[in-house]
Every structure is written in C-alpha cells, then in structure tokens.
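Chains as they are written, first to last, in numbering that gives the first Met the number 0: chain A, 0 to 225; chain B, 0 to 218.
Treat the hints loosely; a few may be bogus.
Straight-line alpha carbon distances no greater than 30 angstroms define the calculated BS3-like cross-link-like pairs of lysine-lysine that follow [stated by the list, open to error]:
| id | chain 1 | residue 1 | chain 2 | residue 2 |
| --- | --- | --- | --- | --- |
| 1 | B | K77 | A | K187 |
| 2 | B | K77 | B | K173 |
| 3 | B | K155 | A | K176 |
| 4 | A | K176 | B | K181 |
Treat the hints as calculated values from the structure; they're not laboratory data.
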Amino acid sequence: MQSLGIDVLLKGTNMVRLLGGLWVAVRISLISVAISIVFGVVMGVIMASKNRVAEAICHVYLEIVRIMPQMVLLFIVYFGTTRVFGINISAELSAIIVFSFWGIAEMGDLVRGALQSVPVVQYESARALGMNDYVLYTQVILPQTIRRMIPLSINLITRMIKTTSLVMMIGIVEVLKVAQQIIEANRKTSPNAAFGVFLIVMLMYFIICFPISRLSMDLEKRWSQN
Amino acid sequence: MDFGVMQSYLPLFVDALWLTMRIGWEGIVLAILIGLLCVIIIHLRIPVLRHIVTIYIEVFRNTPLLIQLFFIYFALPKIGIRLSPEFCGVLGLALLGGAYMTESFRSGLDNIAAIQTDSALSLGMTRWQTIIHVILPQAVRSSIPGLMANLIFLLKETSVFSTISLMDLMFTAKDLIGMYAKTIECLTLLVIFYLIMLLPVSLIGRVVERRMRYAEFGD
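Looking at chain A on its own, in the form it has when it is part of the complex:
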C-alpha cells in the first residue's frame, strides 16, 4: 500500500498554506460573529418590544434565514448583486454580509428569548422606580440576560466556523480549496494524498470547534444551576 499523503503536507510550505487557508475561514467567521452579536442584541431588543410592525418584519426575516440555505444566500449576494445593481462585491465581503445576515437573525432570536425569560416584575419594578428605557435595559435587564446569552453565542461561533467552509464555492481560497490545490499539485508523486490531506483538514476543524463547543456546553451547565 502506498503512502496515504500525510507526508505531502510536510513538503515545502504546504502545512503553512493549509493553516493560512484555515485562518481565512476563521477570520471571516470571527468578523461575522462580532457583527452578529452587536446587531443581534439590537434586533432582539426590537423583537421583544412588542411593536407589531417590527415584530412582523422580524418574523419574515427570521423565516427567510431559517429556510434559505446559506449557500443560496451566498450566490444571491455574490452573483446576484453584480447582475442587478452592477456593483462588484468582493467574495470575502459577500461572505461576511451573508454570515452576518444569518448570525444577526440567530442572535436576535436568542436575545429575544433571553429577554422574555426575565420576569415581568423586573420591568415593572424598574418602571416604578422611574427608570427610562435606556436605563432599564442597560442596568437591569441586559445584565441578567447576558449570562444566558454567552454560552449560546459561543456556540454560534462554532456553527459559523463550520459554515464558512462553504465560501470556497464563491471562489475564496480557504482551507478546503488549499487542500484541493495541494492534492492536485501532488497527483503524480503521491496519488493517494486526498486521504491524508482531507483527514488533516477534518482534524483541524475538529481541533478548533470541539473546545469551543465544549466550553459553551460547560458554561451553560454551570450557569443554569445557579
């Protein structure tokens, strides 16, 4: 049996390139998560505010995100906008737009859930003390909801990282694309490289995502006991 291609990764700068590709995927997801958290909190507050119109709009938005595969959204933003508006959005920017669009909806829904889990009496007491909306949310409600939200937003990071593997479909050279290039380049000398290289890529994703999802689970368990 021939070698299974792990050695290919040790040649030249292959491993460094692969890690570079991984960083591209992780960078896109971290930027998207940051955007999602900021705007997701805003959206959650709006959704919890019981404004009929806002609620309806948010429902439609959530349903779109729930139903449309991220890949379709990527195609719409990357290929569609160029066609319709004639603007050329770079692949990485389209990816960030799509993943933020998705993340904001997810975060918004989480924040809404967390906000509504705060007992009504908290709102009423704060109002009775004469607090305005701003003070009510920043001083009373948000501190209580943040605990519930942190594990869930950490979980969103892993889901984001896993989903960013799709960006290779719109031509971003991330870890999977680099892996394919390496396999192609070494087709003659080590025809079985696909096995080793894809195994390593899978392992890389696991090494990144596993600790994060563990952390989120542990935090959730620890904080739900108090």
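The hints should help you fit chain B onto chain A, whose structure is shown.
For chain B alone, coordinates are given in the frame of chain A:
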C-alpha cells in the same frame, strides 16, 4: 427578467428538486434511525459502544458537512472504498444527521423523570420493555422541537451536495448560470424551489410543535 427562459429551465429544476428531496429524506430517515440507536446505547450505558458513539457524535458535530462529504467521496476511494455520489450524499447526511438527532433525543430523554423508569421496572417490565413502551414514546414527544429544527437544518445542508457532482438544485443553478449567464432567472428559480421544499416543512413543524405541547405528560 426573462420568463420564457425560466419556463424552459423549469423541467431541469423539477428533476433537481426530486433528486434533492429523495436524497434529503433518505438521509433523514437513516439519521433518525442512527439517532435512536445511539441514544439507546448511551442510555443503557453499554460499555465500549458508548464511547464509540460519543466519539462519533463529537466528530460529526464539530466538522462541516462539506468536509465530511469530501472525505467520503474523494478520500475513501484511496483506501479502496468506492461509493456512488448519490450513496455518498445519503451517507454523509445520515451520519451528520445521526449525530444531531442523538443530541436531540438525548435532551428529550433527560426530560423524563427517573421515576418513570423506576415505576416501570417495579411493575415487572424488563429493561427493554421499559425503554420501548415507557421511555421512548415520551422521549420522542419531548424531542419533537429539536427534531423539527434538525429536519430543516438537514434539508438545507443538502445544498452542499453539488460539490460531489450530484445534480441537485444548487448544482443545476450553478451549471445553468455558468452556461447561459441568466443569473437572475436561475437565482429566482433556485429560491422558489427551496421555498417549495422547505416552507411546508417549516409550517408543518410549527403546527406539530404546538400540538405536542398540549399532549405533554405530567406538567
């Protein structure tokens, strides 16, 4: 927007929809079976198997489906396991889904009080009877919300099948855009067909969830 073009593409998209749905549902049915099997193994604390199941769940939950598919489709042939693209799709979806289903079922199981098991055992039921007649029916019910979320998630994930050259909706759209550059028409059809596939599931899911909440036992 050119409706004539859209009409001429329609048959291709309908074929793609059937393929996507067939693979999707085959994968999902298998995923549910895998999920049930794994959750029983975890619940009964079967020695060695329990650890294998745990490793399986963690690996498949913490890696993207795209890579799992690439591994099954491109890497396994190198060690002599050759599978058709369609089988790879079903297998990939089933393995990914199985891991998620196990988690949903497990959280469903956790919701059932230990007193249910104790009562069943004290009535003289065997361990196996307890699981089949007492625990599972309730666990399935309380894991319905998670199950529904998984259904939609897995049907959405089918969009990555295009990468292993399965002629699904995504592949058809990409192919047609590449050949005729009718981008808007193709993207519109793509969105419409995903809506046809997923909107009913989403709506039925809501109704089922509401029904099930009335039927919950013991609260």
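These are the hints, each one checked on the structure:
Our distance criterion of 30 angstroms between C-alpha atoms is met by K77/B and K187/A, whose separation comes to about 14 angstroms. Under the criterion of a C-alpha separation no larger than 30 angstroms, the hint pairing K77/B with K173/B is consistent with the structure, at around 28 angstroms. For the given pair, K155/B sits about 22 angstroms from K176/A by alpha-carbon distance, which is consistent with the 30 angstroms threshold. Distance restraint check for K176/A and K181/B: the Cα-Cα separation of roughly 26 angstroms lies within the 30 angstroms cut-off, and the hinted pair is therefore satisfied.
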